[in-house]
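From first to last, the protein sequence lines stand for chains A and B.
Quick note on our numbering: the first sequence kicks off at 68 and runs consecutively.
Quick note on our numbering: the second sequence kicks off at 6 and runs consecutively.
A couple of the hints might just be wrong.
[What the hints assert, rightly or not] Listed below are the simulated DSS-like cross-link pairs for lysine-lysine, each with C-alpha atoms no more than 25 Å apart in a straight line:
1) B/K440 x A/K414
2) B/K225 x A/K414
3) B/K492 x A/K414
4) B/K492 x B/K440
Hint data in this document are derived by calculation from the structure and do not stem from the laboratory.
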Amino acid sequence: MATTTAPSPTPAPKTNRIGLQVLDYRGGKTTLCAGCGHNAISERIVDAMYEMGVKPERVAKLSGIGCSSKSPAYFMSRSHSFNSVHGRMPSVATGAMLANRNLLALGVSGDGDTASIGVGQFIHLMRRNLPMIYIIEDNGVYGLTKGQFSATADMGSTLKSGVINDLPPIDTCAMAIQLGATFVGRSFSGDKKQLQSMLKAAIAHKGTVMLDVVSPCVTFNDHDGSTKSYKYMKDHEEPLQEVSFVPVFEEIDVEYDPGTTVEVTMHDGSRLRLRKLEEAYDASSRIESVHRLMQAHEKGEVLTGVFYLDTHAPSFIDMLNLTDEPLATLPESVTRPGREVLEEVMKELM
Amino acid sequence: MATTDVVPQEASGQLGQKRIVNDMSIQVATVNGSGSQSSNTVLLRSLFKMGIPVSGKNLFPSNIAGLPTWYTIRANKDGYIARKKEIDVLVAMNAETATDDVMSLTPGAAVLYDQPLNLSSLRDDLVFYAVPYDKLVAPVCPEAKLRKLVKNMIYVGVVARLLEIEMAEVENAVAKQFAKKAKAAALNLAAVKAGYEYAASNLTKHDPFVVKRMNKTAGKIIIDGNAAAALGCMFAGVTVVAWYPITPSSSLPESLIDYMKDYRIGKDGKATFAIVQAEDELAAVGMVIGAGWAGARSMTATAGPGISLMAEFTGLAYYAEIPGVIWNIQRVGPSTGLPTRTAQCDVLSTAFLSHGDTKHILLFPSSPAECFSMAQDAFDLAEHFQTLVFVMSDLDLGMNNWMSEPFAYPEKPINRGKVLTKEDLEARGGFARYKDVDGDGIGYRTLPGTDHPAAAYFTRGSGHNEKSGYSERPDDFENNMERINKKFETARSFVPRPEVTGSGKEKIGILAFGTSHWAITESRDQLRNEYKIETDYLRLKAYPFTREVQEFVEQHERVYVVEQNRDSQMASLLKLDLDAKLLTRLRSINHIHGLPLDARSVTDELMSMEGK
Ligand SMILES: Cc1ncc(C[n+]2csc(CCOP(=O)(O)OP(=O)(O)O)c2C)c(N)n1
Ligand code: SF4
Ligand SMILES: [Mg+2]
Numbered sequence: 068m069a070t071t072t073a074p075s076p077t078p079a080p081k082t083n084r085i086g087l088q089v090l091d092y093r094g095g096k097t098t099l100c101a102g103c104g105h106n107a108i109s110e111r112i113v114d115a116m117y118e119m120g121v122k123p124e125r126v127a128k129l130s131g132i133g134c135s136s137k138s139p140a141y142f143m144s145r146s147h148s149f150n151s152v153h154g155r156m157p158s159v160a161t162g163a164m165l166a167n168r169n170l171l172a173l174g175v176s177g178d179g180d181t182a183s184i185g186v187g188q189f190i191h192l193m194r195r196n197l198p199m200i201y202i203i204e205d206n207g208v209y210g211l212t213k214g215q216f217s218a219t220a221d222m223g224s225t226l227k228s229g230v231i232n233d234l235p236p237i238d239t240c241a242m243a244i245q246l247g248a249t250f251v252g253r254s255f256s257g258d259k260k261q262l263q264s265m266l267k268a269a270i271a272h273k274g275t276v277m278l279d280v281v282s283p284c285v286t287f288n289d290h291d292g293s294t295k296s297y298k299y300m301k302d303h304e305e306p307l308q309e310v311s312f313v314p315v316f317e318e319i320d321v322e323y324d325p326g327t328t329v330e331v332t333m334h335d336g337s338r339l340r341l342r343k344l345e346e347a348y349d350a351s352s353r354i355e356s357v358h359r360l361m362q363a364h365e366k367g368e369v370l371t372g373v374f375y376l377d378t379h380a381p382s383f384i385d386m387l388n389l390t391d392e393p394l395a396t397l398p399e400s401v402t403r404p405g406r407e408v409l410e411e412v413m414k415e416l417m
Numbered sequence: 006m007a008t009t010d011v012v013p014q015e016a017s018g019q020l021g022q023k024r025i026v027n028d029m030s031i032q033v034a035t036v037n038g039s040g041s042q043s044s045n046t047v048l049l050r051s052l053f054k055m056g057i058p059v060s061g062k063n064l065f066p067s068n069i070a071g072l073p074t075w076y077t078i079r080a081n082k083d084g085y086i087a088r089k090k091e092i093d094v095l096v097a098m099n100a101e102t103a104t105d106d107v108m109s110l111t112p113g114a115a116v117l118y119d120q121p122l123n124l125s126s127l128r129d130d131l132v133f134y135a136v137p138y139d140k141l142v143a144p145v146c147p148e149a150k151l152r153k154l155v156k157n158m159i160y161v162g163v164v165a166r167l168l169e170i171e172m173a174e175v176e177n178a179v180a181k182q183f184a185k186k187a188k189a190a191a192l193n194l195a196a197v198k199a200g201y202e203y204a205a206s207n208l209t210k211h212d213p214f215v216v217k218r219m220n221k222t223a224g225k226i227i228i229d230g231n232a233a234a235a236l237g238c239m240f241a242g243v244t245v246v247a248w249y250p251i252t253p254s255s256s257l258p259e260s261l262i263d264y265m266k267d268y269r270i271g272k273d274g275k276a277t278f279a280i281v282q283a284e285d286e287l288a289a290v291g292m293v294i295g296a297g298w299a300g301a302r303s304m305t306a307t308a309g310p311g312i313s314l315m316a317e318f319t320g321l322a323y324y325a326e327i328p329g330v331i332w333n334i335q336r337v338g339p340s341t342g343l344p345t346r347t348a349q350c351d352v353l354s355t356a357f358l359s360h361g362d363t364k365h366i367l368l369f370p371s372s373p374a375e376c377f378s379m380a381q382d383a384f385d386l387a388e389h390f391q392t393l394v395f396v397m398s399d400l401d402l403g404m405n406n407w408m409s410e411p412f413a414y415p416e417k418p419i420n421r422g423k424v425l426t427k428e429d430l431e432a433r434g435g436f437a438r439y440k441d442v443d444g445d446g447i448g449y450r451t452l453p454g455t456d457h458p459a460a461a462y463f464t465r466g467s468g469h470n471e472k473s474g475y476s477e478r479p480d481d482f483e484n485n486m487e488r489i490n491k492k493f494e495t496a497r498s499f500v501p502r503p504e505v506t507g508s509g510k511e512k513i514g515i516l517a518f519g520t521s522h523w524a525i526t527e528s529r530d531q532l533r534n535e536y537k538i539e540t541d542y543l544r545l546k547a548y549p550f551t552r553e554v555q556e557f558v559e560q561h562e563r564v565y566v567v568e569q570n571r572d573s574q575m576a577s578l579l580k581l582d583l584d585a586k587l588l589t590r591l592r593s594i595n596h597i598h599g600l601p602l603d604a605r606s607v608t609d610e611l612m613s614m615e616g617k
């Protein structure tokens, strides 16, 4: 007996608010090791950009050198990207943003790239509050040069070979807060929900966002004795808050308890909600946040969450009083003063 | 004819004494920080306004106050403005160097000295004039604090009287110098007059040096090369500038800041430029490259040590093909000792700056007017060839005062190079970043932010294929390197061509570049006038070398390459480029004094190499 079945309509692919699919945010196939924390971060970036409905063409990806710095090739192929030199991505990002203030600059660095060779440029980037997202994919080692200690490795942690690190770590978050970054937090590549919310908030922020994301290197630093391993993070991660994010374009709202949750309105009107897990913590105080970070070092905790946030400080672009149009494409009629100007200057010199 | 006119003295004065008119160099020896700069500017300007060709060169220490400084003004009726080796009039204000300064003079020179220094007993073949500065300054400057500064204006008065500089021009120059400070102008003018009157009633002229109004500077300007470069960059449409202070380059971005604030604020009251003082030269060039990548006309200015720090990024920019302009205001090597002296000693290190196979376009301005015009050349070349372009000025050009014709308004429209817009991409359907579509080696690029799904490409250093995909394939690498080399070959016919002077038929050729030009011009006249030797002269303006360079060497039996470094750096660069059979024609004349090149040194050296 013949039966007729109506062909089931192929469901329309899911799209975001600008009509793009998550596919449109994907990159090349990763060449990093399977299980590398950096891959998970790339996925979170894709999700956050997709969910926020950021146009990929607006994004400029910038990186230094390292496994982490290679990762921009593995997400968002529709965005321009610049894999620059070791430790000096901040200056390249600064130049790019000055040339085109409409870009959304996303910097990806490593702990070696940032805290050793690049510490000078990192410091000065933080001071300028350049609008950009700066992510450190922090594994405590130089992955790409095969596992030497980096300057974020904790004192007492060991390499696979048994070598012990006896120098104190640089806390990039404490540094960033002290130097003037206006959105500073730490997360973990394995903490999908927290990292995703923090990335979305980062996209909504106008100023320097510095996120240190612990990102285990499965090949060189995931053993017992490492303080940047998956296991160590599982045992020692201490979230300060439960982070959630409500984008400006989302109408449905969930109730929250203002007694336990702080809501911060971002530049674009989105809201970042921090449900306090520590009663007294105040993310708007530099003093308190640095104090709490130092305390965490003493206690051997890996503190995560949004440590510091200031949505009012002027950005570097504001300070320079840049015109609204990107400098890069200003026409000759604007960038070349007229004959009368040259005549005036010449007269002065006669 | 000799370069000095010796004419019998008119009427009164010493019997049989000659007058040397409009041909002298005046050296003021002081300590830095003593405020003599205004006095020297007034002297320079007064001579300039009397129509006499002048140049002013400051020889200063790497120090803020208290070390010896010499300022040399040359006035020359024939228009020679290179440094003159001999000093004719010394103004000895520095006790510490006074003896040496006097001992190094040639016989017949005049010395104006501070009376207590008691220099007149040192030699009997010079003309000495004692000036009691402290006694003269007290009545005109009641405020004791200011006397140290105002004292310098006294020598202006004395010099004016002795050399017969027109007081009206001195007064004008003082008024211009202190244009916004009426009180200071009055005070300084009083000091000038005190010096003048003292000389009039107490000094009897025994030296031959005088000036007389002529008309060789009408319509001309006085400017330093760095300010000229800054103006050039502004009119070339620069939008992003990142810099880190270093002598002798700092005054370039500093002038630029002033000009841009005056003339490049848009109708909305906002800046059409960004100028950032970076944390070091690595960051400065990083910003230039980031901005160039994103489509800005970006630049920095530095000197040798900064160039060294920019080496790594320069390699990246070369391989990744990113435009940017770097001004190298050359000086003598490392930062302690002689960093404030001039040289042309970064030719080789800049030409091949960085790791890997790299070579860069260099431009060599020799005058403020060329600093101005080459600014646009540099930006146009950088964006056309998608590479860094270095403009090789030096301390002498950058920081000293030069006479110049007023700059011509740029007639060439700005060339932004091969940049694809959204509309272009729509028409083409896409692009391959590193593909040689036009056969000139230059690919098409897009700027970040271009609103088209096919606009993006991935920028990285050495390993990429035509589509900017990651590649470690040997053939991709080789093809890419060959294509980048093709750009360099193409550039040979785009860079400024050399200036060739002379009959073209002489046996001897002289090849020089940059500020050496002024000494060469004078030296060629010396060779003609004193030795009856004619020469042809090629002034290089750029690397890679154009066709004319090879031809010039082919046409001459001997080519003297004159340069201000020890290792014959330009000659070495030429030897890499010229036909092997021509190499034996090159000879080197090197100057490494840290002082601007003078004609006499070139003439003497050339003659001794000619065996004469
Ligand atoms: C000037 C310079 N020095 C050294 C290197 C070699 N190098 C490449 S990656 C790297 C370390 C990268 O470590 P990190 O930033 O932590 O990245 P990871 O690989 O761990 O993600 C080093 C030292 C280089 N590329 N450039
Ligand atoms: S070596 Fe480490 S950091 Fe590099 S890709 Fe592998 S796991 Fe990741
Ligand atoms: Mg690392």
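Consistency of the hints with the structure:
Simply put, B/K440 and A/K414 have alpha-carbon atoms about 48 Å apart, too far for the 25 Å limit, and the pair is violated. Our distance criterion of 25 Å between C-alpha atoms is met by B/K225 and A/K414, whose separation comes to about 9 Å. This hinted pair does not check out: B/K492 and A/K414 have alpha carbons roughly 41 Å apart, beyond 25 Å. Between B/K492 and B/K440 the CA atoms are separated by roughly 12 Å; this keeps the pair inside 25 Å, and the hint holds.
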